[in-house]
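A.B. asks: Take a look at the letters that make up each chain.
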Amino acid sequence: MPYERLDKDIQMMKEAGINVVRIAESTWSTAEPQDGVFDYSHIDRVLNAMHKAGIQVVIGTPTYAVPTWLVKKYPDVLAVTPQGPNRYGVRQNMDITNTHFRFHAERVIRKMLEHVKSHPAIIGYQVDNETKHYNTTGDNVQALFVQYMKEKYKTLDVINKVYGLDYWSNRINNWDDFPSTVGTINASLSAEFSKFQRKLVTDYLAWQAALVREYKRPDQFITQNFDLDWRGYSYGIQADVDHFAAAKAMDVAGIDIYHPTQDKLTGIEISLGGDLTRSMKLDASNRGKNYLVLETEAQGFPQWVPYPGQLRLQAFSHLASGANMLEYWHWHSIHNSVETYWKGLLSHDFEPNPTYDEAKTIGRDFEKLSPKLVNLKKTNSVAMLFSNEALTGFNAFSFGWGAREKYNDVLRPMYDALYQMNVGVDFVDPTSTNLESYKVLIVPALYAASDALLNRLNNFVKNGGHIVYTFKSGFSDENVKVRSTRQPGIINEACGIYYSQFTFPEHVSLKDDPYKVGKEQNTVKTWMELITPTTASVLAYYDHPVWGNYAAITENKYGKGFATYIGCITSDAILKKVLEDAVKKAGVWGPDQQLAFPLITKSGVNQQGKAIHYYFNYSATPASLTYSYKAGKELLSNGVIAPNASVSLEPWGVKIVEEN
Amino acid sequence: MPYERLDKDIQMMKEAGINVVRIAESTWSTAEPQDGVFDYSHIDRVLNAMHKAGIQVVIGTPTYAVPTWLVKKYPDVLAVTPQGPNRYGVRQNMDITNTHFRFHAERVIRKMLEHVKSHPAIIGYQVDNETKHYNTTGDNVQALFVQYMKEKYKTLDVINKVYGLDYWSNRINNWDDFPSTVGTINASLSAEFSKFQRKLVTDYLAWQAALVREYKRPDQFITQNFDLDWRGYSYGIQADVDHFAAAKAMDVAGIDIYHPTQDKLTGIEISLGGDLTRSMKLDASNRGKNYLVLETEAQGFPQWVPYPGQLRLQAFSHLASGANMLEYWHWHSIHNSVETYWKGLLSHDFEPNPTYDEAKTIGRDFEKLSPKLVNLKKTNSVAMLFSNEALTGFNAFSFGWGAREKYNDVLRPMYDALYQMNVGVDFVDPTSTNLESYKVLIVPALYAASDALLNRLNNFVKNGGHIVYTFKSGFSDENVKVRSTRQPGIINEACGIYYSQFTFPEHVSLKDDPYKVGKEQNTVKTWMELITPTTASVLAYYDHPVWGNYAAITENKYGKGFATYIGCITSDAILKKVLEDAVKKAGVWGPDQQLAFPLITKSGVNQQGKAIHYYFNYSATPASLTYSYKAGKELLSNGVIAPNASVSLEPWGVKIVEEN
Amino acid sequence: MPYERLDKDIQMMKEAGINVVRIAESTWSTAEPQDGVFDYSHIDRVLNAMHKAGIQVVIGTPTYAVPTWLVKKYPDVLAVTPQGPNRYGVRQNMDITNTHFRFHAERVIRKMLEHVKSHPAIIGYQVDNETKHYNTTGDNVQALFVQYMKEKYKTLDVINKVYGLDYWSNRINNWDDFPSTVGTINASLSAEFSKFQRKLVTDYLAWQAALVREYKRPDQFITQNFDLDWRGYSYGIQADVDHFAAAKAMDVAGIDIYHPTQDKLTGIEISLGGDLTRSMKLDASNRGKNYLVLETEAQGFPQWVPYPGQLRLQAFSHLASGANMLEYWHWHSIHNSVETYWKGLLSHDFEPNPTYDEAKTIGRDFEKLSPKLVNLKKTNSVAMLFSNEALTGFNAFSFGWGAREKYNDVLRPMYDALYQMNVGVDFVDPTSTNLESYKVLIVPALYAASDALLNRLNNFVKNGGHIVYTFKSGFSDENVKVRSTRQPGIINEACGIYYSQFTFPEHVSLKDDPYKVGKEQNTVKTWMELITPTTASVLAYYDHPVWGNYAAITENKYGKGFATYIGCITSDAILKKVLEDAVKKAGVWGPDQQLAFPLITKSGVNQQGKAIHYYFNYSATPASLTYSYKAGKELLSNGVIAPNASVSLEPWGVKIVEEN
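Those protein sequences? They're chains A, B and C, same order as listed. In this text, residue positions in the first sequence follow full-length UniProt numbering: the first is 1, and each later residue adds one. In this text, residue positions in the second sequence follow full-length UniProt numbering: the first is 1, and each later residue adds one. In this text, residue positions in the third sequence follow full-length UniProt numbering: the first is 1, and each later residue adds one.
Pulled out of the complex, with its shape left as it was, chain A reads as follows:
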């Protein structure tokens, strides 16, 4: 802070209806200015002021950025990565397995919690922040990995066999010779190391959560601010954390979600981040639980300054996906350092501005409507099956040398198509026990998967489920060893197809434009599998002088269910049609599907047991739609909505109907 203005800040927060703040993460150098010297006066000051103002506080443990003295004393606190030892300066540069780091982290956490634990303002704790493994690969990590491998595989013979280490003389004949995985060209080994690194994150977060649990009151929660694959904004599945595993140690799941705005605002990232975070923990009915949005942008990057209405649209979109809290990163813009141009609700001048002014309307509406909107209960029939193992295995090869497509480039178009059709989805992963409760599973590039998982998926179809697979699914086992049976491995049974060759399409389309998408959209790109049906119906053949006899997309009746297989990358238009057909066939097609992007609808059941329908206009053009449910009340305007009433939406507008 360039000058003292806590009272003024709190006054402006109150005016904006802010009733929770998150503090203290990454303040280690202030809280422990020297080794063993602790100073929590800055925290006390804020806690007291907030409490007085009736604002609740989430306290973050301060561990995700280390102080100068710690690094000076124990340089090995900084992780060694494949690029060499890290340097001081950035956050998240530490080796989370380092014993000096752990000792001092534990001490500063315990000291802080002892100091603040009784404070009435605190409603919960966040352990660390956006925790990942930061690709720590030093000697100590290698030693832990070898130990992990011994426990998992018992003998090197097994490893040599299932990883195919004879190739290029990579065979390991003695545990003492186990080389660092940094230089390995064996994707089975590197994928296992990635899995081990994700386990380091799970263990580290569980360790922090257990520490906090010793101090916290029963009414307080523990959460973690998970984050997504970052492509300048929140994009897809996080490669470096096993979210479902790591969330086990938390009471409630948290997430940060950042996304483009202005003309590029679609709501997709809000929806995807919400669906994923909601799915991290299950409720009594085996469906996802409400979650916390611990960070999202206010003004954010210069290119994200929201248009009028957008901040408000975004806020209600988070609620519509099941969020129970919404926090902006950050209150005011910072005057120094790397996030100077990542602007908060306030600009650097601390004055009211259009973004802050819009936040005030959100605060007012939240205050009024919270009892009706919080704890929204959502029940979907469609789930996306993602897999960290498949992600790692797929990304190791992508579509060949020099290809830049990643797992999320396969997953996102599928998610986006469903979002645009207003088909609500949950996320499941191979550990999910509720997988069988869905009608439709969407399975992108399930590249690495155990026999057990694939057999389970075959059974899912046999028992009446519908699965939509893409190319590359079933290709390798859980050790990223390509199956030596027919492809797609094991699921060829449910899919009724096989292939043994694949290539890159050049000037390839689908024969006779089977999805009627027109010449421009009737395209196949990047990857094509040369599929021969056994029992499947061919939905589309390739159009190409040589490959024209091979199938591109197939559908197979198997037991009581259906399996659709997409053997190539298609245009988004084709993909949408394939998914639409699959969803329709599964009977998951209702009035919400009469609407399509930019008109987005989300629904659920509120605490009063009443159905809630959100309607969003993700465009700069006014729009109207026909309300297709029971009579209800539009909550923002308090207006009555009759069945089949016409509902108008302003540009970037929102309406919320509670059924009577």
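If you're looking for bench data, these hints aren't it; they were derived computationally from the structure. Be careful, since some hints might not be right.
As the list makes no split between identical chains, a pair holds if one copy fits it or if it spans any two.
Unchecked claim - Okay, derived cross-link-like pairs now, SDA-like style, lysine to any residue, Cα gap no bigger than 20 Å in a straight line:
| id | residue 1 | residue 2 |
| --- | --- | --- |
| 1 | Lys72 | Gly138 |
| 2 | Lys8 | Glu634 |
| 3 | Lys161 | Pro2 |
| 4 | Lys264 | Val508 |
| 5 | Lys377 | Val146 |
| 6 | Lys73 | Thr379 |
| 7 | Lys525 | Glu506 |
| 8 | Lys264 | Gly400 |
| 9 | Lys264 | Pro308 |
| 10 | Lys585 | Met421 |
| 11 | Lys72 | Asn174 |
| 12 | Lys73 | Asp543 |
| 13 | Lys161 | His115 |
| 14 | Lys368 | Asn606 |
| 15 | Lys73 | Asp176 |
| 16 | Lys161 | Arg45 |
None of the values given here were measured: they were computed from a predicted structure.
Position chains B and C against the provided structure of chain A, taking the given hints into account.
C.D. replies: Then chains B and C, alone, in the frame of chain A:
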């Protein structure tokens, strides 16, 4: 030299009218073949031969490339940079603060000067060459930096406060913990380190100059070959040297200027390099002094082989900007190593060639006209205010993550527009004492500036000056801490505007094309500030469905002067119009402005007190213009020029008129 | 292998007519699982099974990938390169000069050979694989290099002189000070180091061959699997190996050739790789010898899955260039690691597939026709003169800073044009003693060459030969020192031209389209020398307002021969015309030149002394041609072919005619 041909070289030099050569820089390994063994016979030989031929010599100290034995003995002579320790081979790889380097550099300089100091051929000395700090960042440099910080700020509390080091736990609580700045994410800290590194250069050059001053005769000068931001040619302000500070230790400023030729020859770099170097040292009337062009290209890169007439046009263009000497790098093309394809006046075959033949005409004209052309006195009403601190601060953030625009990308379009309008400019920086003597200041992106400087600029306007500011000016203080007052900080008073938000323009133009530049040119790109006028008149509004109420360009009467504020990056056409309006309003618009690029005119007053007007045709098409001054004489042809006479210029032609 | 199936594999090999397999290279970690513990049971097993099946075996020494225990024990086995020490994992990461590596490599080779040498299945040995120097540059290599330099140049004065080391103070005054070449900016020094590194490869391969020679039977051969410049496929001359020197230690030359297929299959790489490998060793008549294709793709990369007919077309193309063996890399696709998507004859499922099925037809035809096709004798009148020294020297500078063109970018268009005209070529290098036996020499960018070589080439012309030179030839001597005489150095005599300037062409074409290639093709790009003829006729002038008086392409009668000089990079169409004219003038134009790509013909004389003519259709369109030789027999169909008969070719088809 592949074979002995000194006499032949000198003969050919004489034929080309060459009367000065520069020798000896980067010859350390020849002058001191082993530690403490000195051999200056190669220098003696050249000095004697040149003296005999009546050619004067500038001697360079040999320090900017180190010999093998020095590195072998003291490996720490090579700088450690953020990329690790340097390797032997290239020039400018040393740590200029290293004590072993300094000891041996001093010794070889003293030995050489003792040896040559009495030689009558020597007219001056160049200390080192194109000296910079080469990003030296090793432990010793870090120790010096911490010492510098102690002296500057006294306490860490001050640093932590003004640099905002609490952020991401970067707070430093003990001087012993002060981390290397190499990894820092704090631009306040990295900018201060850059400033400290520039000071290393200033100190190093002053140290060398002081050494040389012990030996030099009063009639001899000391200079340094400064150079500009390099983008494959000389482009703009040098980030790594504080030219105005470093020039203090020199008797005369020197520069090297390299630029595109052939169809891309514009003269801009010659003019900019000249204006900047002329401004490095002030004369009695508080205006710039004549300077030396210590290097410029003859044939240069393959793509620079000059068209007929271009070498000559370039030579007179240097004089027109105030150069008193013109040296080519280099005499003949080199037969080995990295500059093999950086060709000199002679090709590798040492034979006459078209470029050398044209140089002969230049030599003849210089010999004839020198008394009338040398020591040209130039007096401009317009100055560009540049700032190394603003450059560093701006470049740390540019326009956000991933943006590649640099400070010079803001400065150059402004300079280029003025050049194309034939508006002569000087350069000033925040230390300039003569700033108030100009009518117009052009201020690009003055991102980091002290309150004192900004208040001084407000006063400049109040007292009747005209300033043209761009976006980002005033944004942060001298510590690269963003001001927490209204933006643009402090200068909002003179500018009569404020803003608190900014964004990237997408499909944005200026409303109603206020500068009549046509649809193609009526564009806004990369950056836009959302400006609200307080007392300013709005010269242009943004054309955009959402941002249309914000001002893009404003003008404000403040006291007796005016301040123009350009809040966005515009097309060059718009920028030119804005500058034209500002210059006209300031009354700096005369007959020279009837001409425009490619017809360039430069003027000054010669030693005889007579006005000199240069006219250049920077194009391949013959041109003519109306001479608009008193009757005079065209010096190259010795022809009489009457007022309002038509003056014709050949392709790439030049004429020089001396008023009677 | 995921499961035991040796018998099944052999059965499928037999069905495909496979009669040779190559085994054991890169199996060190299996053959010597621990230091000094040897296990060849896996080799015995395969040898016995193959022998039983009548399949012959080539054994590779297992040294090109090192085992974990060796690196663990002797980390210095891994090469230090300019990027630092190598890491374990990849193949070819070792320092081939390292004494620990050599000791253990020798031992494992000797142990293996002792073990297998009597086995009747073995027909020959391959020493190492795709051996290069892997840019090993550690201290030991530097010490060897300094020793090499002492022996070559005797004194540093010579080196300083011919390398021009005075420049930038690089002079070396004491052998002890000799700096690592890693950081050098002197291309003479770096080129010599490259030459020394190539010598390391030659020496290393000779050392391995000598070891093997101690054990091998007289009826067994020694070969090496050489490879080409890799650009995602085999492209041109290998920079890191001196193929002609290294091949001396081999009994027969071997090569791997990989190339695009599908719509991009041209046969050029098969032809170029074949011509080069055939030229590595000479037969009694001083022409190239038959060679082995030790690796080529079956399915290969996904984008290389062959169209029907292509695998067969490729196989006969290899034979047509003189190959005596054809091996696919590899038998089956690998289930783990980096080459998972480099597919073999079999896919991962080990089932028959279209590619394998086509291989079966090849096997059948080979079995039937081998006596007529093996040991094809080829006699060409045209040779391409390539030079590793010219390659290194040229690549050091290319066409200037930032240029990306390499030597092979000059060589390939010339080779490609000749291929497309069905002009058969051999390769020669400066050490070739048979150079004078050709009628035409094609000389791309002979940048670095000794006086002796250039004088020899002048004499070649004087005695009636025809040479076609490109730009940059003769420019520097064998030390990459630019000649200080007129350019092109020495060959200006035979070429009858000179130039001293060169530039980059912008909007330059050839005046009056002298080759009638049309506006689109009449282009000059990247580089142009400003040539003045002395005795030469000008074939083409530049079309440019300034450079229009300079010649672009010239031809000179010199003695009994002609020299053509191409001073610029032209379109491929112009280049083809220049080469066509030159070849015609030399009288090397016959019936084969009535055909042109995509109709390719190759010929030779078989063991029975009969002329063999191959006809290939490198396109997807059926084609026909007129047979222009004596009556003969089409071998694949056993059909009679009369003179002037029309021969039809299927898409990607092949016919082989044996003259009666």
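A.B. asks: Could you place Lys73 and Asp176 in one of the four classes (within, between, both, neither) given a Cα distance threshold of 20 Å?
C.D. replies: Between copies only: 10 Å across chains, 31 Å inside a chain, cut-off 20 Å.
A.B. asks: With identical chains, the pair Lys73 and Thr379 could be close in the same copy or across copies; at 20 Å between alpha carbons, which is it: within, between, both, or neither?
C.D. replies: Answer is neither; intra-copy 53 Å and inter-copy 60 Å both fail.
A.B. asks: Is it within a copy, between copies, both, or neither that the alpha carbon of Lys161 lies no farther than 20 Å from that of Arg45?
C.D. replies: Cα proximity of Lys161 and Arg45: across copies only (18 Å, versus 61 Å in one copy).
A.B. asks: Can you tell me if Lys585 and Met421 fall within 20 Å by alpha carbon in one copy, between copies, both or neither?
C.D. replies: within (15 Å within a copy, 60 Å between copies)
A.B. asks: Under a CA distance limit of 20 Å, which applies to Lys377 and Val146: within one copy, between copies, both, or neither?
C.D. replies: neither (44 Å within a copy, 58 Å between copies)
A.B. asks: Between the shortest in-copy and the shortest cross-copy C-alpha distance, which are at most 20 Å for Lys72 and Asn174: within, between, both, or neither?
C.D. replies: between (37 Å within a copy, 11 Å between copies)
A.B. asks: At most 20 Å between C-alpha atoms: does Lys72 with Gly138 qualify within a copy, between copies, both, or neither?
C.D. replies: both (18 Å within a copy, 16 Å between copies)
A.B. asks: First find the shortest C-alpha distance between Lys8 and Glu634 inside one copy, then the shortest across copies, and answer within, between, both or neither for a cut-off of 20 Å.
C.D. replies: neither (35 Å within a copy, 72 Å between copies)
A.B. asks: Go through the copies and call it for Lys264 and Val508: within, between, both or neither, with a Cα cutoff of 20 Å.
C.D. replies: between (30 Å within a copy, 15 Å between copies)
A.B. asks: Checking Lys161 and Pro2: alpha-carbon separation at most 20 Å within a copy, between copies, both or neither?
C.D. replies: This pair counts as between: shortest inter-copy Cα distance 7 Å, intra-copy 62 Å.
A.B. asks: Should Lys264 paired with Gly400 be assigned to within, between, both, or neither, using CA atoms and 20 Å as the limit?
C.D. replies: Classified as between: cross-chain Cα gap 18 Å, same-chain 31 Å, threshold 20 Å.
A.B. asks: Could you figure out if Lys264 and Pro308 sit no more than 20 Å apart (CA to CA) within one copy, between two copies, both or neither?
C.D. replies: within (14 Å within a copy, 46 Å between copies)
Taken one by one, the earlier hints fail for this structure at numbers 2, 5, 6, 12 and 13, listed in ascending order.
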